[in-house]
Amino acid sequence: MAHKSDDAISSEKMALPLSIISPMDIARVSRELEAYSEYYHQLELRKNKHSDIKQPKISQLLDNLIELNMLDLTDQNDRDNLRSFIEDIKTSAPVIHASFSVDPSVSFLEKIISYLRKEINQRLLLTIGLQPNIGAGLLLRTQNKYFDFSLKDRLFDASNDLIKLIKETN
Amino acid sequence: MTIWWLILVIVFILFNGFISVWIVLHLSSTKSTKNNQSYDEESINGSVDHIFDDDFREELRNRGRLHFEKIITENAMFLQQDLQLTTSQLNEYLKNEITLKLKDEFKKYEDSISDAKQLAVESIQRTNDAIEEQRKTLNAEVKKEIESEKSLLIDRFEKNMAKIINHYVLLAIGNQIDLNDQLDYILADLETNKQAMIEDITNGS
Chain R
0 MAHKSDDAIS SEKMALPLSI ISPMDIARVS RELEAYSEYY HQLELRKNKH
50 SDIKQPKISQ LLDNLIELNM LDLTDQNDRD NLRSFIEDIK TSAPVIHASF
100 SVDPSVSFLE KIISYLRKEI NQRLLLTIGL QPNIGAGLLL RTQNKYFDFS
150 LKDRLFDASN DLIKLIKETN
Chain S
0 MTIWWLILVI VFILFNGFIS VWIVLHLSST KSTKNNQSYD EESINGSVDH
50 IFDDDFREEL RNRGRLHFEK IITENAMFLQ QDLQLTTSQL NEYLKNEITL
100 KLKDEFKKYE DSISDAKQLA VESIQRTNDA IEEQRKTLNA EVKKEIESEK
150 SLLIDRFEKN MAKIINHYVL LAIGNQIDLN DQLDYILADL ETNKQAMIED
200 ITNGS
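One line per chain: the protein sequences are R and S, in this order. Per numbering that gives the first Met the number 0, the first sequence runs over residues 0 to 169. Per numbering that gives the first Met the number 0, the second sequence runs over residues 0 to 204.
Hints are not guaranteed to be accurate.
Said to hold, decoys possible - Calculated pairs, DSBU-like style, for lysine-lysine (alpha carbon to alpha carbon, straight line, at most 30 Å):
| hint | chain 1 | residue 1 | chain 2 | residue 2 |
| --- | --- | --- | --- | --- |
| 1 | R | 166 | S | 193 |
| 2 | R | 166 | S | 149 |
| 3 | R | 110 | S | 193 |
| 4 | R | 163 | S | 149 |
| 5 | S | 158 | R | 144 |
| 6 | S | 142 | R | 12 |
| 7 | S | 162 | R | 166 |
| 8 | S | 100 | R | 163 |
| 9 | R | 163 | S | 158 |
| 10 | R | 144 | S | 193 |
| 11 | R | 163 | S | 102 |
| 12 | R | 89 | S | 135 |
| 13 | S | 162 | R | 144 |
| 14 | R | 166 | S | 143 |
| 15 | R | 166 | S | 158 |
| 16 | S | 193 | R | 117 |
| 17 | R | 163 | S | 94 |
Just so you know, the hints here were simulated from the structure itself, not pulled from any lab data.
All chains should be built: construct the whole structure from the sequences, respecting the hints.
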């Protein structure tokens, strides 16, 4: 969990791990970071003496974030950088909403988010919805646009070809 | 007209019979009168009474009676022959007339039957024509309606074909479609629209 503070990177250069996908994940990480900051603040106040204050558990999301950015949460500077990064993500990260016909697995979402962050935006977040009637594919909604990559839309686009094929068959 | 002719013939025959009887009676009366005058002259003269005595007179009466009966018999026979002939002719005439009349009536009856039959046939023909016309009209309307319904169904099918096929695909293999199998297609779609998404994110609010 702990990393050398010397290798830490600034908030502008930080990246999101693939496990952090949605704004909810960011909010969760933010809450954990606040709990950690509060924990170390309490330790600071008590002069590093052992007390009955419990160390908060670190979730997989926060752990991945720390590892990816080589942070040390015991370091106040790293915590501040991470807080700054998270606040930046909260306020400025683009959010795309994607709907699938079934609930996607984590590994699948990681592949998708990996592509999106690589090709579109490094800080992109994804909210997931469910649309069972689309059959297959996905519906994507950015801030101003709507992209239909569903099977239904493909069938609709290909309806003229289908009609032609049916007529030829008859 | 024929009845009047028949009555006239009968009257004529009866008239001939009466004339014959009257002639016979008149001749007898004339002879009797002449005989009386002779007897009166004889009585007056009183000279020839011995010739025409009662027996002779009786003999004459008998002869006259026989002669009269003979004439009557002959005339009656003639009358009978005439009557038989007339009756025969009359029967023949009546037979011919009745046959003619019956033929005429039968002809009229046949004509009436033929006319009625013709009318019935024409009526049936008109009815058949009307039914055929109605059948054709109905057939055309039904055909038109079926074509319209068919066209409507095809239009609906074509309009909703994507939904129908999608629904069918979902029902058939909906549970077997794995998102991981779709990953390549999804990434290809994202790659195709990457630029539009970048522009929207970059130029968004």
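Q.
Check the structure against each numbered hint from earlier and tell me which ones fail, lowest number first.
A. 1, 6, 8, 11, 12, 17
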